[in-house]
Amino acid sequence: MATFGNLSDRLAETFKNLRTKGKLSPADVDGTVREIRRALLDADVALEVVKEFTGKVRERALGDEVNRALNPAQQVVQIVNEELVAILGGQQRRLEFAKKPPTVIMLAGLQGAGKTTLAGKLAKWLAKENHTPLLVAADLQRPNAVNQLQVVGGQAGVAVYAPEPGNGVGNPVKVAKDSLKFAVDKQYDTVVIDTAGRLGVDAEMMKQAADIRKATNPDEVLFVIDAMIGQDAVATARAFQEGVDFTGVVLTKLDGDARGGAALSVASVTGRPIIFASTGETLDDFEPFHPDRMASRILDLGDILSLIEQA
Amino acid sequence: MADRTPWSLSGALRGMFAKRTIDDDTWDDLESALIRADFGPTVTEEVVDDLRAKVARYSTTDPRDLQRMLREVMEERLAKYDPTLKLTERPAVVLVVGVNGVGKTTTIGKFARFLKTFDRTVVVGAADTFRAAAVEQLATWADRAGVDIVRPQHEGQDPASVAFQTIEQAKARGTEIVIIDTAGRLQTKGGLMDELGKIRRVIEKQAPVAEVLLVLDATTGQNGLAQADAFIQHAGVTGLVITKLDGSAKAGFVLAVQEKTGIPIKLIGQGEGINDLTGFTPHVFAQNLVG
Ligand SMILES: Nc1nc2c(ncn2[C@@H]2O[C@H](COP(=O)(O)OP(=O)(O)OP(=O)(O)O)[C@@H](O)[C@H]2O)c(=O)[nH]1
Ligand SMILES: Nc1nc2c(ncn2[C@@H]2O[C@H](COP(=O)(O)OP(=O)(O)OP(=O)(O)O)[C@@H](O)[C@H]2O)c(=O)[nH]1
Ligand SMILES: [Mg+2]
Ligand SMILES: [Mg+2]
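Which chain is which? The protein sequence lines are A and B, in order.
Each residue of the first sequence is one higher than the one before, starting from 5 at the first, in my numbering.
Each residue of the second sequence is one higher than the one before, starting from 105 at the first, in my numbering.
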């Protein structure tokens with residue numbers, strides 16, 4: 005928050021003292037780690053992840069690992085950045101395709117996270133990559149979710165399998181299952197299944213998602229999560245991991261100014277890679293996830309990294 | 105409503121409150137629990153310091169006293185604002201705004217139904233002309249609530265003109281309450297935020313705006329404060345609605361939002377059903393939080 009200045013400013017202040025000293029003392033490190041902790045919490049990184057992270061940074065900063073080319077302040081920044089990128093997955097991971105088509109991609113997540121929009125984005129991108137995607141309307145609960153997917157499918161110029169009207173009518177597990185046969189018959193090579201939003205605490209809806217998964221045996225189950233989410237990211241990610249399990253994560257609404265601490269929380273708690281970033285409401289606002297960019301975003305590291313050069 | 109596992113600070117603090125005496129761990133536990141409930145580092149620090157001072161002043165060592173004080177502090181801080189909806193104008197125009205996917209359209213459906221049960225006549229205006237099937241979604245809710253709807257006359261119609269036509273119809277028919285749905289927009293999008301100001305100005309040519317409700321999603325973290333700031337600036341928010349409180353998120357950030365902006369929480373959404381909406385009662389909110 006503005007009242008405390010951004011992390012860069014605060015760390016710059018802490019680093020002023022560090023720069024003149026030769027080696028880091030525990031007190032120096034503690035002061036710096038406190039600032040980082042606060043910044044991570046302001047960025048909505050989950051508390052347990054913050055604790056683990058700051059513990060690691062502290063340990064490394066006090067360890068023997070000394071880079072002679074860097075002064076102490078630069079060393080801390082470098083350690084912080086490396087640890088962040090490591091949790092976020094280091095390298096990009098690409099979507100897995102089935103050896104024998106169709107490839108099945110199931111989407112799951114909380115209400116309003118951006119699943120249906122993502123379905124359209126994925127379909128459009130897949131079509132551009134010379135795939136023949138089929139969108140499947142398996143959210144039969146949210147009012148007019150089926151219409152929404154049809155509109156989005158139209159915008160993407162892809163086919164939509166929507167045998168049921170929705171709004172409480174139809175069985176989503178059956179629709180998902182039948183869509184595979186439909187895809188094989190009509191030779192669609194990728195199937196993207198949109199599902200209803202559900203809460204982590206909703207056991208019945210979680211079971212439905214698990215049933216859809218069982219019935220379709222997806223190559224990828226993507227957990228779609230809003231970058232604005234707070235501390236609940238951990239409970240929710242765990243609930244979806246236990247309830248449905250997922251193979252990858254998509255972070256949405258990154259076009260806003262949320263720091264996106266959820267990225268760190270989810271990646272750290274579930275060990276699943278973040279594959280895509282969703283960055284807007286139109287179907288082209290979508291890109292592969294870049295762990296290094298996310299690291300600087302969460303901790304405001306863009307500015308801090310430049311301190312390395314100045315220092 | 106969801107089959108829920110209730111989460112409360114007291115749940116998280118069970119170990120702490122079950123202890124015989126207050127010790128250093130107690131304060132760490134309290135701090136952790138407040139952070140996990142999304143109060144944010146600043147409010148958390150304030151609350152912990154405040155309670156530390158109180159515990160010292162009353163020289164108590166009983167964790168149950170601390171629990172009671174925590175509940176009181178929360179309730180007191182939450183209750184500083186007046187949560188009553190001001191719907192006395194005729195027509196009373198309510199504009200509903202917020203970022204994408206927080207629950208605006210759903211809240212309008214529930215709210216329309218709520219007003220209907222008090223025999224108010226209601227019309228909703230589908231001024232989200234952008235999002236795929238947003239008009240149909242609102243129409244489904246209007247139908248469920250048994251209220252009228254004004255739709256755009258052609259695709260991509262200017263949202264302000266849909267709002268204008270809705271109020272025009274309400275005045276012609278003597279409808280008492282008008283609720284306008286708007287497209288979700290992130291607070292960082294200047295052009296879309298300006299559009300809200302325009303919608304408001306166009307409405308005001310016809311009738312004063314009775315309430316501008318900003319919908320905030322309980323799962324949101326500290327970004328909720330930035331959302332509130334921007335929407336207040338561009339749309340003149342008069343009340344907050346907190347949705348999705350049926351999940352495991354506690355929405356602690358709303359305390360800071362209320363205090364920083366002085367704008368009261370007025371409605372609470374707790375589910376996807378048409379009846380899952382209530383007024384805001386600080387006592388109940390604090391009780392749910394602290395146990
Ligand atoms: N700004 C922005 N808005 C997005 C993004 N992704 C989705 N949205 C918007 O978020 C809102 C919800 O998106 P949906 O795709 O309907 O979300 P959902 O997860 O399918 O929602 P439910 O089906 O209700 O659970 C819509 O207004 C979308 O336009 C994004 O990356 N950026
Ligand atoms: N569990 C739960 N879900 C809710 C609640 N309120 C809304 N939802 C769900 O959240 C999702 C988004 O709701 P909408 O009403 O479409 O949200 P919106 O703000 O109008 O979204 P946009 O118009 O796309 O910005 C839907 O799946 C709703 O059913 C609530 O209180 N609890
Ligand atoms: Mg959807
Ligand atoms: Mg809406």
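The reader is advised that the hints may include incorrect statements.
Unchecked claim - A few chain B residues facing chain A, derived, Cβ under 7 angstroms: (1) Ser136; (2) Asp142; (3) Pro145; (4) Gly205; (5) Thr233; (6) Ala236; (7) Gln261; (8) Gln273; (9) Thr324.
As the list claims (entries may be wrong) - Derived EDC-like pairs (lysine to aspartate or glutamate); straight-line CA-CA distance at most 20 angstroms: (10) Lys211(A) <-> Asp350(B); (11) Lys190(B) <-> Glu315(B); (12) Lys55(A) <-> Asp129(B); (13) Lys55(A) <-> Asp128(B); (14) Lys293(B) <-> Asp296(A); (15) Lys293(B) <-> Asp261(A); (16) Lys364(B) <-> Glu180(B); (17) Lys55(A) <-> Asp132(B); (18) Lys293(B) <-> Asp249(A); (19) Lys55(A) <-> Glu149(B).
The hints are simulated quantities; they were obtained by calculation from the structure and are not laboratory data.
The beta carbon of each residue, even a glycine, is placed where N, CA and C say it ideally should be.
Each hint tested on the structure:
no.: 1; hint: Ser136; result: holds, 6 angstroms
no.: 2; hint: Asp142; result: holds, 4 angstroms
no.: 3; hint: Pro145; result: holds, 5 angstroms
no.: 4; hint: Gly205; result: holds, 3 angstroms
no.: 5; hint: Thr233; result: violated, 13 angstroms
no.: 6; hint: Ala236; result: holds, 4 angstroms
no.: 7; hint: Gln261; result: violated, 16 angstroms
no.: 8; hint: Gln273; result: violated, 23 angstroms
no.: 9; hint: Thr324; result: holds, 5 angstroms
no.: 10; hint: Lys211(A) <-> Asp350(B); result: holds, 18 angstroms
no.: 11; hint: Lys190(B) <-> Glu315(B); result: holds, 7 angstroms
no.: 12; hint: Lys55(A) <-> Asp129(B); result: holds, 16 angstroms
no.: 13; hint: Lys55(A) <-> Asp128(B); result: holds, 18 angstroms
no.: 14; hint: Lys293(B) <-> Asp296(A); result: violated, 25 angstroms
no.: 15; hint: Lys293(B) <-> Asp261(A); result: holds, 10 angstroms
no.: 16; hint: Lys364(B) <-> Glu180(B); result: holds, 15 angstroms
no.: 17; hint: Lys55(A) <-> Asp132(B); result: holds, 12 angstroms
no.: 18; hint: Lys293(B) <-> Asp249(A); result: violated, 34 angstroms
no.: 19; hint: Lys55(A) <-> Glu149(B); result: holds, 17 angstroms
Checked against the numbered hints above, the structure violates hints 5, 7, 8, 14 and 18; every other hint is satisfied.
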